[in-house]
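**Student:** So the protein sequences, as listed, match chains A and B. The numbers in the first sequence follow this note's numbering, run straight up by one, and end at 257. The numbers in the second sequence follow this note's numbering, run straight up by one, and end at 1291.
These aren't lab readings, by the way, just hints derived from the structure by calculation. Glycine is no exception: its CB is placed at the ideal position from the N, C-alpha and C atoms. There is no bait here: all hints are sound.
Per the computed footprint, the stretches of chain B lying under chain A, defined by three or more beta-carbons under 8 angstroms from a beta-carbon of chain A, are: (1) 1013-1024; (2) 1174-1186; (3) 1204-1216.
Pairwise CB distance ranges (calculated): (4) A/Leu225 with B/Ser1277: 56 to 62 angstroms; (5) A/Leu65 with B/Arg1285: 28 to 34 angstroms; (6) B/Leu1289 with A/Arg29: 37 to 43 angstroms; (7) B/Leu1099 with A/Arg119: 45 to 51 angstroms; (8) B/Leu1015 with A/Arg252: 36 to 42 angstroms; (9) B/Arg1282 with A/Gly78: 37 to 43 angstroms; (10) B/Pro1120 with A/Leu65: 18 to 24 angstroms; (11) A/Ser36 with B/Ser1277: 56 to 62 angstroms; (12) A/Arg252 with B/Pro1120: 43 to 49 angstroms; (13) A/Ala112 with B/Phe1266: 48 to 54 angstroms.
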Amino acid sequence: MAPATTTALAHAVRLDHVDKTFGRSGDGRPVLEDISLTVAPGEFVCLLGASGCGKSTLLNLVAGLDRPTGGRIDVPGGRPALMFQEHALFPWLTAGRNIELALRLRGVPRPARRTEAERLLDLVRLGGSYGKRVHELSGGMRQRVALARALAQDSRLLLMDEPFAALDAITRDVLHHELTRIWRETELSVLFVTHNVREAVRLGGRVVLLSSRPGRVVREWTVDLPQPRRIEDAAVAELSVEITEELRGEIRRHGKP
Amino acid sequence: MASPDTARHPDLAGLEAGLDALDTVQVRRTPVRQVLLRKVLPPVTAVVLVLAVWKLLVVAGVTEDYKLPDPAAVWDSLRQLWLKGTLFDIIWTSVSRGLLGFAAALALGTPLGLLVARVPFVRAALGPVLSGLQSLPSVAWVPAAVIWLGITDAAMYAVILLGAVPSIANGLVSGIDQVPPLYLRAGRTLGATGARGARLVLLPAALPGYVAGLKQGWAFSWRSLMAAELIASSPDLGLGLGQYLENARTDSDMPGVLLGILLILFVGIAIDLAVFSPLERRVLRTRGLAA
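Model the full assembly from the supplied sequences, consistent with the hints where possible.
**Tutor:** Rendered as structure tokens:
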């Protein structure tokens, strides 16, 4: 069932010694420093860090919304899909039309769009919501439509910028489950940014910890637990404790004079 | 559905359905009776009260008849216009001018607004002028327009344009300025860049501000037109509401003056209610910004 492209690509995204400094001619303090990271096709990688680690900057770079100051970023599959913490759905369109807009921009001909939008809504279990307005949907449903819209781009790489941070715990749990299911069905590569350690361990095949100011890769863990996991699994909790300890140490470093 | 996922989470589908049902916003239509009670009754009451107070003042004789005529005398003036068959001619002369002028203002103000919003040089050059013009009463243009163009229809349209174009352009500018940057980012990641981005993301996102600008633009058009008709009245121009009012003044016909004022008010409100308010409500409602 794997598309040919998945197996043909050596990696979904590869960052080589990427630096990012804001401000003219790089005189400001670096936000990201010497980031090297590879996401394999079909891999689910969680980027974890405290405030100021430049997680969102990193995603913007990979998404092509901004350019690195130094180093190289290679995304062989074309423009990646991006999902934000806010749903970012267009309120003047219905749920279905939001997805169709993504299909239209991708070049899908008009007659095929409706069917494809319905299929994607079914995939996120929102079959009957084609004609719903954004404001008529709950927070969790909006994020599922946003996920469907991101999937409509048919990119091999999905970037997610704390997409569930604003949701309540139970809704988040359900969405973790849906995301894991969809990731496995579509064999997408996912780069998922979060500051929630448990969430990172619940979802990721690999968890990468970034330091703050500047953001550097501190350590990474491979999560060898079978999917689907649950956020309350003992093994998830155990690894989370270990990673949280490391994250605390990283934050404490900034409190020292 | 015998995937390992559902096997391990037998309750999740049900949980999700429950969450969706609990969190979904219920949109209900208000029943007609409630609309009548909440939207129609209060203004009708207000009008009746004003009429009652007016009548009371006349009966009490607070001032001379030629200053404050009986409401019945105003009604009588209206009846006479109706019987002469000129009532709708007068209204139509002004309304057609107003709408035509507004359409021209729309055609000029929209591209101007786009330019000011998107081209920094144009914004720096024209932005302050446009906002400044909004606070200049367009009556101030009437003398200039009359000297340039004479007492003609062209002078009327010039005054309307000078009043309405800044409102429409400014509405579009503020509409575009208020578009959340997130929509533009989302649009760009979906591939909506350049002209496609403007058409599919930027302009629809700016619509609420634009429509507010149109509404204000209409109010300014109507006001400027009435001012122009009052000051620059001439028999060759055809009898509009402004001229009717001015004629009533020269004849010291107070019921006619009051009727003129009321008709101008009525037409302005009617067009707002018939065109601009429904448009604005629709735009806001689809976005969940109005009940």
